[in-house]
Amino acid sequence: MAFLEGHALFRNLYCLLAGNLDNTVACSGRGGLLPVGWEWLAFAITAFAITMVLLNVFLVVTMFYTYMERRLLGRFQGRLGPNRAGPFGLLQPVADAIKLLTKESIVPRGTDLLLHNLPPVIMVATVFVTLAILPFGEDTFVANLNVGVLFFLAITSVNALAIFMAGLSSGNRYAVFSGMRAVAQLISYEVPMVLSVVGVILLAGSLSLVEIVEAQRIPFFLLQPLGLFIFVVAISAEMNRTPFDQLEAESEIVAGFHTEYTGMKFGLFYLAEYAAVLTSAAVIVTLFLDGWNGPWLPSPLWFLIKVFFLAFLFIWVRATLPRLRIDQTMAFAWKFLLPLSLLNIFVTATLVLLLGEETATGVALSTGGLWAMAGINSVVALASVLLFARMVHLRTPVHPIPSMQPSPSEVA
Amino acid sequence: MPIRSEPVTVNVGPQHPSTHGVLRLRVTFDGEVILDMEPVFGYLHRGSEKLGEERTYTQVITLTDRLDYVASMTNNQAYVLAAEKLAGIQAPERGMYLRVIAAELQRVASHLVATGFLLNDLGAFATPLMYCFRERERILDLFEMLCGARITLSYMRVGGVFQDAPEDFWPALRKFMADMPHYLDEYEQLLTDNEILVTRTKGVSILNADHALNASVTGPVLRASGLPWDLRKIDPYEIYNRVQFDVPVGKAGDNYDRFKIRIDEMRQSLRIIEQCIDQIGPGPVRAIVPSLIRPPIGDAYGRIEGPKGELGFYLVSDGSIAPYRFKIRSPSLINLTVLRDILIGWKLADMIVTLGSIDINMGEVDR
Chain B
1 MAFLEGHALF RNLYCLLAGN LDNTVACSGR GGLLPVGWEW LAFAITAFAI TMVLLNVFLV
61 VTMFYTYMER RLLGRFQGRL GPNRAGPFGL LQPVADAIKL LTKESIVPRG TDLLLHNLPP
121 VIMVATVFVT LAILPFGEDT FVANLNVGVL FFLAITSVNA LAIFMAGLSS GNRYAVFSGM
181 RAVAQLISYE VPMVLSVVGV ILLAGSLSLV EIVEAQRIPF FLLQPLGLFI FVVAISAEMN
241 RTPFDQLEAE SEIVAGFHTE YTGMKFGLFY LAEYAAVLTS AAVIVTLFLD GWNGPWLPSP
301 LWFLIKVFFL AFLFIWVRAT LPRLRIDQTM AFAWKFLLPL SLLNIFVTAT LVLLLGEETA
361 TGVALSTGGL WAMAGINSVV ALASVLLFAR MVHLRTPVHP IPSMQPSPSE VA
Chain U
413 MPIRSEPVTV NVGPQHPSTH GVLRLRVTFD GEVILDMEPV FGYLHRGSEK LGEERTYTQV
473 ITLTDRLDYV ASMTNNQAYV LAAEKLAGIQ APERGMYLRV IAAELQRVAS HLVATGFLLN
533 DLGAFATPLM YCFRERERIL DLFEMLCGAR ITLSYMRVGG VFQDAPEDFW PALRKFMADM
593 PHYLDEYEQL LTDNEILVTR TKGVSILNAD HALNASVTGP VLRASGLPWD LRKIDPYEIY
653 NRVQFDVPVG KAGDNYDRFK IRIDEMRQSL RIIEQCIDQI GPGPVRAIVP SLIRPPIGDA
713 YGRIEGPKGE LGFYLVSDGS IAPYRFKIRS PSLINLTVLR DILIGWKLAD MIVTLGSIDI
773 NMGEVDR
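Quick note, the sequences are listed as chains B and U, same order. Using this note's numbering, the first residue of the first sequence is number 1, and each one after it goes up by one. Using this note's numbering, the first residue of the second sequence is number 413, and each one after it goes up by one.
Please keep in mind that the hints were generated in silico from the structure rather than gathered at the bench. Just so you know, even glycine gets a beta-carbon here, dropped at the ideal spot from N, CA and C. Take every hint as true, because none was put in to throw you off.
Derived coverage of chain U by chain B (criterion: at least 3 residues anywhere in the stretch with Cβ under 8 Å from a Cβ of chain B; other residues may be distant): (1) 426 to 436; (2) 525 to 539; (3) 599 to 613.
Far from chain B, some chain U residues (derived; all Cβ distances over 12 Å): (4) PHE453; (5) GLU465; (6) GLN502; (7) SER566; (8) ASP576; (9) GLY638; (10) TYR649; (11) ILE651; (12) ARG679; (13) ASP690; (14) GLY693; (15) PRO694; (16) PRO708.
Excised from the complex, chain B in its bound form (with noise of 0.2 Å):
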């Protein structure tokens, strides 16, 4: 029963209902509260309970996420962000979420009704899947997939489609650009994403999320520091977060593809970018950051500590930087992450054929072999990115094409 072996909540719900635990090595005493043959309702029960609790509390950290990265966005544009509902502002979100559900929903005429209405909540869903997997503490998570990092890729590429839906359904000219630079960015993003992402699981040896932090003798952020840049510019490209803002780019296409969304269902897309800030940062921790480990703490708090202050890190490249062009961005993936991606994996694939040695497992790292590593990829990661910064140019000169009609100075 590998469902038994997560969270020690949901195995003391579950041994309390299930009625018959002979197949299960993980309750120790007699049958639970409901009669034998209704195990499948305990399941159900506990799963249910877990996920509610799960859901909450993640959406009651996201909201006051959204009230930090407001407040902080203030800070660093020298005024005060919201500062009236309640103390300190601190219901404001609160105030927020009344008044989305309380407005109406308008949808233009002549929209695809399926189109419009699927994405906030597909939106929605892939971020709040990518819970089932997180590890956020010792011995606390909902499901230790055994390919863990493979879900989290293929679930973040589902908003790709959503995004695309959304820009296209409304028939908004402003949000069909908006669905081209998704396709475009989002899927470019991914390749260099996912490559960053093979060193880790090299020196892991395991797609499990909770594996890999548990292999993580080192942080992985010595070992891997060239993946750890690819992945985090990645991830704030796939969040569509600044620099990388093309699909809501407000100063271009007013809102992109949200731009027809009103009420809730706009504020579902909302919900679902910042909840992705806090899955997507802690997906970072638990790959790169050594996840729950920490001295002295809880370990879940630990993992509370490091995923805000990686979204802080989010927030501040928000206030601080402008935009790229879409083709400047597209340009950044093929010919800066993606080459240096590839390099990463060489670098580190023939470091852990020479430097480790066999187990009966397959192939390890010794710690030494370890420290060697992380001083040899930190001088590859520095020595390749400063190369690549002066070979690559996003720069280049675009020949402006010729106009349809000649422009009144060539008449003249």
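Got chain B; can you put chain U on it based on the hints?
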């Protein structure tokens, strides 16, 4: 298999986050590339020129406030210069110094708004805008000391200024003058070395000098193309021939030069204000002028170097208390005419930035 594609026409504006007012751009796109573009304006037309013919020479000043509403001071200045020329009135020296100080402060404020919005158009999420507005706020506070208003100032009068600066104006101005260079250094440090900003603006939407001359473009847009044409040097008015300053020019005439030149001009404006503070002496600030001015029959054209270019007022008098003809030469409208030529072939994102770099104000375009 060839895919059938066709150009798509989009109306950018009049309601759009970054058209700087109610400007509408009818743009034909091939994907993201601009094939054709036509600015459509008139959404903010208030008939200022006709209204001016119905008002006395003093009342017209309030109309000029509402032309370029981020630079009221220079609008006032251009109008009162034209009216003084028409009526043959000479403003006292202290009045002229106060006018120049106010106009140069206004230039700094206007360039701050232009720079801030240009960066906002580039996608920097409101942070540079807020920084620029922080300093603009100080300038507006100074204006409030001078005349009580912050945006629609009506500070200048035919024959001088409305009133002398109060006592607490001078220490506040000195404090601002001491702080502002650091703020400018901060912008340059934060922005001009920013790789993304340079990538986005260098070499984009080049306006060469010949084209700029043909289109009678003026102001920072012309100087960014490499021509040192500044009315304060070429045709000095007020006391500009008594102060030392340089005319910064650009090289390429691209968006980066148009952005950079405004920061350089702010430094020069500060230089001018500093010299004015040193040179200003006591005396009256306003010539004795009848409340209803009746200029002799004739016409006059007064022009100044406004923050956006050559701002001129052409006045015709028939000897009555109101101008017979009140014509505005607004730099925003004329600078807007080159937009199509420098945009074709560039992308949607560049369009917004180029529009911001030309720095138009719809109040002045539509009048």
